[in-house]
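A.B. asks: These are the residues of each chain, in order.
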Amino acid sequence: MELMIDRAGETATLRLNGDFTMESQLLFRETYRQLFDEHSPKILALDLARTEYLDSSALGMLVVLRNEAEQAGITVRLTNCRPFIIKLLRGANFDRLFRIS
Amino acid sequence: MGGSPLSSVAVRTLRFNAADLQAEDCLARLQSTLACFELEPWQLQELKLIVAELFSNALEHGVLGLNSQIKHVTQGFAQYLHVRKERLLDLESGYIEFQLQLEGEPPFSALRIQVKDSGGGFDFARWKETHDSAPERLHGRGLLLISLLVAELRFEEAGSLAVVVYPLSTPAPE
Chain C
10 MELMIDRAGE
20 TATLRLNGDF
30 TMESQLLFRE
40 TYRQLFDEHS
50 PKILALDLAR
60 TEYLDSSALG
70 MLVVLRNEAE
80 QAGITVRLTN
90 CRPFIIKLLR
100 GANFDRLFRI
110 S
Chain B
6 MGGSPLSSVA
16 VRTLRFNAAD
26 LQAEDCLARL
36 QSTLACFELE
46 PWQLQELKLI
56 VAELFSNALE
66 HGVLGLNSQI
76 KHVTQGFAQY
86 LHVRKERLLD
96 LESGYIEFQL
106 QLEGEPPFSA
116 LRIQVKDSGG
126 GFDFARWKET
136 HDSAPERLHG
146 RGLLLISLLV
156 AELRFEEAGS
166 LAVVVYPLST
176 PAPE
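First to last, the protein sequences are chains C and B. Numbered according to my numbering, the first sequence spans residues 10 to 110. Numbered according to my numbering, the second sequence spans residues 6 to 179.
Please keep in mind that the hints were generated in silico from the structure rather than gathered at the bench. A hint or two may mislead.
As the list claims (entries may be wrong) - Listed below are the simulated EDC-like cross-link pairs for lysine to aspartate or glutamate, each with C-alpha atoms no more than 16 Å apart in a straight line: (1) B:Lys53 to C:Glu77; (2) C:Lys51 to C:Asp15; (3) C:Lys51 to C:Glu77; (4) B:Lys90 to B:Glu157; (5) B:Lys53 to C:Asp15; (6) B:Lys90 to B:Asp30; (7) B:Lys90 to B:Glu65; (8) B:Lys90 to C:Glu32; (9) B:Lys121 to B:Glu102.
What the hints assert, rightly or not - Chain B regions said to be covered by chain C (calculated; three or more residues, Cβ under 8 Å): (10) 42-51; (11) 115-128.
If you're wondering where the values come from, they're calculated on a predicted model, not measured in any experiment. We put the CB at the ideal spot given by N, CA and C, even for glycine.
Could you build all of it, start to finish, from the sequences and the hints given here?
C.D. replies: Below is the structure:
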């Protein structure tokens, strides 16, 4: 997985490119923590347009992200999700944790 | 289903012993095996997730005897990965065996996946009872994801044998 960061005003966008699995854990966590520390955005949009696959450990990482974001006063949104990803997120009731589009 | 000789292969068995599990290429081998069944790309994508979650479950909770509860403490997930890595390095025995079988005559109605591991199993009935849909929890989503995609998910032999039936008659998603 690769990560790219875009910032526009109070919104930061983290674009994921590739499979989101246990192997992405370190890179993912360090990237968003650095983003929180250095830029403290109001909203973090996680752009999943280029992610066709994620597994249960990715869902676990999203919950941890949300908890850390909440403590820092940051809202996390999941954007541009593919149908398969939406199916998994909704099935895990993640629409109660995130705004998903 | 095309007419190639491969489509007549209805059963495949893959057995991973301790050395195979340490080599960490099991998921790639499972995916190559799935590719033999000549399914649609979206079905292969769903099956990739199903076998990956079945594999992690069998490895972590069966063969390695890890407890997901440690994921709950601060830094728990990183700690979990650390213990997983250490126990895998020290592994001297144990196995996971996958059997993939097409059901019925062509066109096949389902792919049955059976996963047997050398671990002591787990209390699946209790898992079902205590399993809630709270999205905030930090573990226990692997079986939930599988259950979203299959017609049947059950455990036998005290939880050391997982049986999954993946329907092949479902129309492609929009």
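A.B. asks: Of the numbered hints stated earlier in the document, which are not met by this structure?
C.D. replies: Going through the list in order, the structure violates hints 1, 4, 5 and 11 and respects the others.
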